[in-house]
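K.L.:
Residue numbers (our numbering), protein chains in the order written: chain A, 1 to 675; chain B, 676 to 1114.
Take the hints with a grain of salt, since some may be wrong.
What the hints assert, rightly or not - Straight line, CA to CA, 27 Å or less: simulated DSS-like cross-link-like pairs of lysine-lysine: (1) A/K298 - A/K236; (2) A/K509 - B/K968; (3) A/K509 - B/K1014; (4) A/K298 - A/K357; (5) A/K259 - A/K236.
Claimed, not checked - If you anchor each label on the Cβ, the simulated ranges turn out as follows: (6) B/G1081 - A/R623: 26 to 36 Å; (7) B/G712 - A/E672: 48 to 58 Å; (8) A/S471 - B/P1031: 26 to 36 Å.
Bear in mind the hints are in silico, worked out from the structure with no lab data behind them.
Given the structure is predicted, the values throughout are model-derived calculations rather than measurements.
Ideal placement from N, C-alpha and C gives every residue a C-beta, glycine not left out.
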Amino acid sequence: MGAEAVVAGRTLDGLVYVGRDLGPVIERSYWLDIEPSLIDPTLSVADSPHGDLDYAWPLAYERLTAGQRAAYLDWLGGGRQDPHIGTAYVELFAAGLERRALADRLRSSAASDDLDPIMRELTRLLELYKDQGQSRRLQSLVDVLRAPLLEERIDDVEPPMERRGWDSPLELRLGLGVRAVRGEPLPAEWALSWARCSRDLWLRTPAQRCPIEFDELFGLRYQQHYPKGLKLKELKQRITVEHHPVNAGLGNPVRWVSKLPDIIGAAHIVNPLRRLAESCTDELDAYSRFLGRQPDSKDDLRALALLPRELLLSRGSERLDELRGIVSQLAVAEHVLLRAETVIAPLIGPSGKLAKKDAVGLARLLASLEAGIEPDARFGGDMPTPGGSLVLFRLSADAAGAPTPEYSAAAALLYMAVAVATADDTVSADEEHLLRAHVLDTPGLEQDERARLVAYLKWLLVQPPSLRGISSRVAQIQGGQRDDVAAALVAIAGADGIVTPSEVRVLTKLFSAMGLAESHLYTQLHAMTVDPSDRPVTVRVARPGDPEYALPQAAPEANIVLNRTLITARLAETATVSALLAGIFAGDEPSAAPLVETEGALGLDHPHYEFLRRLAERAVWTRAEVESVAADLRLLPDGALETINEVAFESVGAPIWHGEDPLEVDASVFREMTS
Amino acid sequence: MEGLEIRPRDRDAILQALGSGVVPRVGQQYIQVGRAGELAALVRDIDRVADGGSALRLVIGEYGAGKTFFLHLVRSIALERRLVTAHADLNPDRRLHATGGQARALYQELTANLATRSRPDGNAMPSLVERFVATALTEATQLAQPPSVVIAARLEVLSEYVGGYDFAQVISAYWRGHDTGDELLKQDAVRWLRGEFSTRTDARHALGVRTIVDDATVYDHLKLLAIFCRLAGFAGLLVVLDEMVNLYKLGSGRARAANYEQILRILNDTLGQAEGIGFIMAGTPDFFLDTRKGLYSYPALEGRLAENPYATGGLVDYSGPILRLGNLTPEDLYLLLQKVRDVDAGGRPGDAAVMPDEGVVAFMQRCSDRVGDAYFRTPRSSIKAFVSLLAVLDQNQGVRWNDLLGGLELEEEQNPDLEPLSGDDAASDDDDELVAFRL
Chain A
1 MGAEAVVAGR
11 TLDGLVYVGR
21 DLGPVIERSY
31 WLDIEPSLID
41 PTLSVADSPH
51 GDLDYAWPLA
61 YERLTAGQRA
71 AYLDWLGGGR
81 QDPHIGTAYV
91 ELFAAGLERR
101 ALADRLRSSA
111 ASDDLDPIMR
121 ELTRLLELYK
131 DQGQSRRLQS
141 LVDVLRAPLL
151 EERIDDVEPP
161 MERRGWDSPL
171 ELRLGLGVRA
181 VRGEPLPAEW
191 ALSWARCSRD
201 LWLRTPAQRC
211 PIEFDELFGL
221 RYQQHYPKGL
231 KLKELKQRIT
241 VEHHPVNAGL
251 GNPVRWVSKL
261 PDIIGAAHIV
271 NPLRRLAESC
281 TDELDAYSRF
291 LGRQPDSKDD
301 LRALALLPRE
311 LLLSRGSERL
321 DELRGIVSQL
331 AVAEHVLLRA
341 ETVIAPLIGP
351 SGKLAKKDAV
361 GLARLLASLE
371 AGIEPDARFG
381 GDMPTPGGSL
391 VLFRLSADAA
401 GAPTPEYSAA
411 AALLYMAVAV
421 ATADDTVSAD
431 EEHLLRAHVL
441 DTPGLEQDER
451 ARLVAYLKWL
461 LVQPPSLRGI
471 SSRVAQIQGG
481 QRDDVAAALV
491 AIAGADGIVT
501 PSEVRVLTKL
511 FSAMGLAESH
521 LYTQLHAMTV
531 DPSDRPVTVR
541 VARPGDPEYA
551 LPQAAPEANI
561 VLNRTLITAR
571 LAETATVSAL
581 LAGIFAGDEP
591 SAAPLVETEG
601 ALGLDHPHYE
611 FLRRLAERAV
621 WTRAEVESVA
631 ADLRLLPDGA
641 LETINEVAFE
651 SVGAPIWHGE
661 DPLEVDASVF
671 REMTS
Chain B
676 MEGLEIRPRD
686 RDAILQALGS
696 GVVPRVGQQY
706 IQVGRAGELA
716 ALVRDIDRVA
726 DGGSALRLVI
736 GEYGAGKTFF
746 LHLVRSIALE
756 RRLVTAHADL
766 NPDRRLHATG
776 GQARALYQEL
786 TANLATRSRP
796 DGNAMPSLVE
806 RFVATALTEA
816 TQLAQPPSVV
826 IAARLEVLSE
836 YVGGYDFAQV
846 ISAYWRGHDT
856 GDELLKQDAV
866 RWLRGEFSTR
876 TDARHALGVR
886 TIVDDATVYD
896 HLKLLAIFCR
906 LAGFAGLLVV
916 LDEMVNLYKL
926 GSGRARAANY
936 EQILRILNDT
946 LGQAEGIGFI
956 MAGTPDFFLD
966 TRKGLYSYPA
976 LEGRLAENPY
986 ATGGLVDYSG
996 PILRLGNLTP
1006 EDLYLLLQKV
1016 RDVDAGGRPG
1026 DAAVMPDEGV
1036 VAFMQRCSDR
1046 VGDAYFRTPR
1056 SSIKAFVSLL
1066 AVLDQNQGVR
1076 WNDLLGGLEL
1086 EEEQNPDLEP
1096 LSGDDAASDD
1106 DDELVAFRL
């Protein structure tokens, strides 16, 4: 067996039968009278190999052509390594080993000793030619040879991680079987072994492309689903290894039956583990596809972002460590305001921008590190832009990755509110206070959502919003809430007591986007800016829906309830006004401009005094009569009338005449003036 | 109103006006409720004008907030302070700036409504001119100089201003007409001053002047008129423009801008060189706030109208050009009705208790039932009904107030601003009408 032989100029280093007159194991064979693997050195051999050997039956050295023999001997002489050798040549060689191990061993002790080198050689060949068709029969040969040994040392068997050929590895079947017999649950590494090697599961690409990630994830998920391990049940069927000999001289198939049950294909294993494995490959799908496109970017943040969270945490990566460093600032502060590049630089594509999917990935990556980012594309925000800013904030591990309708509405309102507040380029303390109050008072928000909203506000204040695409944000707000939103926006605009045209301009756009009448806006703005001292600022208008406490119905007759405080205040104000007006209308102050410089009575010159005296004689005058009196005195009638009335106002606070035509004269005023 | 007896004539005038749904021409002071700060601000404006300064106020209030009432009261105060007032409602045919005669039409309206304390109802142009001439005549007598020389000398100052020379010529023409008994010449002079000449040729034939008041010179002539008022012995001129919303409603953006530019010009003038003239303009919030069509749409006005950034947190600043009037509250109406009742009782509060306070509340309740919130938001109907109620109580001694409430009829008011604007709408020519009534 171990001896060297030289045949047709090729040196063979053993493991072959060489000579003549070795009969087949089965003596009565219709088609063979000689051991098929026997190399008869007397047979002719060509100088160089030619002719393929695709199929031959029975497969035997003596039936080869001279060219085929040359090929076979060349392969043997070359150390049985040529990977391109035809399948049949390898089988021909294996046929010799098979005879030695299965047949000769039963008769000779020397052959028994050869078992180890034979196994080694077979294993080597299996490895070398695993991708070719013959490996199945080689495998079953190996299995049938080693099965008793494995069963004997069952506790030393390691879970196999690779399947060779078609069948599930024998080790796996034995490993499962022995645990079923002992009533032990399935350990995680054996479950993984099943997932990797079972014939009943075809693993999709992610498991092949990212085996490390798959193994880790599968282990994790298995632990999560079956903390105590999957329970195994014993079945009647025993593990059987059957080998159909390659050597035509050996006759019938060889079979080995174990005392352990064969449960590898049992439904109670296949179904749960298949489901688990499939869910794992699904989880890795995105990551795997990314690597499929860019095989060298395992460390890219884009790729890492696609990893399941648990894998990320255990992952060592330079980029990831950078990110961890940034996020660690949140240990001391609720929020960190950063230049966007600090975080997004590794993700900026050739276009100079951050793609939406990358922004989403980044947000997810950060969420795995228990940090939120604003703006967050997943929450309806914009994308961080190079040159802009972003805010990181603390987030709990189980924070939702998508906005609730309440959050969307609150964020939309906040967006609009900041648009209003920043319209005049400054955000006053009052305005900011009101904005914060809005965030804190919004009902129906989770803690994480509130934190996000605060961060969003912080970001909006640094990066004031534009009104482009405002309608999509408005769409987040239910029709019924829009009046409240409008009121809140107006309150924000007026929080500092000034409503500037630019604020109004923004409000106008927002109102029209919300489908609210513009006149409504002006009414509200006006109402707010009038006398602000009287009015508390509306943060959120009371809503009639879902009252927490039932209010007693107001008695119908008590409809008009007058506010006594307001009345008192108004009365005081009215008293002030009355005093002011009394001062004006009492007419008791001296005339600023002397009308006419005179020496006549009442400060009038003679003609005017005469005019006054004559008019006072009668109660009613026509215009013509007045004009003739004036003409007599060489006065201008209207000027004279004006003058005497002025004097009357000055002295007694009432006009002496009124009307045009006829003119009525109040004699009592004249008497009062002259008394 | 403490300390002020109501003259029976004023009492009747107030009740008659309120009873027919218009703002009283006199005696608004008897029924004013609240608005102390606002009124004080405008009294300061009036005093500044009387001292030879100038002022511009934009009074902004909703429909029904009482803008027109407020303007009337301010006008009364101005008259009392010896100012001459001129007021007009803007409408599509009366604007601050125009090229088709609409600005001259505004000027005509203003001068037709020119009022003095003696002539609060308007048509005071002849009085104004004659007051001037009369003082000049007195001076001429004292100085023993021909009146024409004194008049010319007194009017000298006008020639420094745009159009001042012709203005002086027209005043002189009036004197000549008086001196020579030429009534036609006097009439033409007044017509010229009122902007009623439409062609230069006519004006030259009638008065020998080369210019007339036209669209382009309306504002210049208002300034001349203001100076002339002071020359005639009055304290100054107050121009009151209501219904400014009509500028906002102009269809043409260019026309709006031109009118707003005119406001800016006036505003700049009142901050600087104008003498003895004040402007009060009243409009609704949209006229002011609309950034596409309102005053806020005119960038140059933005800065001028900017509000005092320190007037926050309950502080109110009345010194800016904007004055806001809040809407009436039920409490305001309550006090107003009380005042009306007291006026009805002759100014003696509590006297003639035909209508006690609970009666006022019951009346308001009744109104509320009929027309809802409108009873205090646009209170004209409520007040009309209240005055009628008082009249019935006055005239029927046996009747008690609670007997009458059941039969109360109330009309619903409509905001005319909400109605489509028809091009030939001349609105109400009688400016004292609160609202043109359209149902």
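K.L.:
Which numbered hints are broken by the structure, listed smallest first?
P.N.:
Of the numbered hints given earlier, those the structure breaks are 1, 3, 6, 7, 8, listed in rising order.
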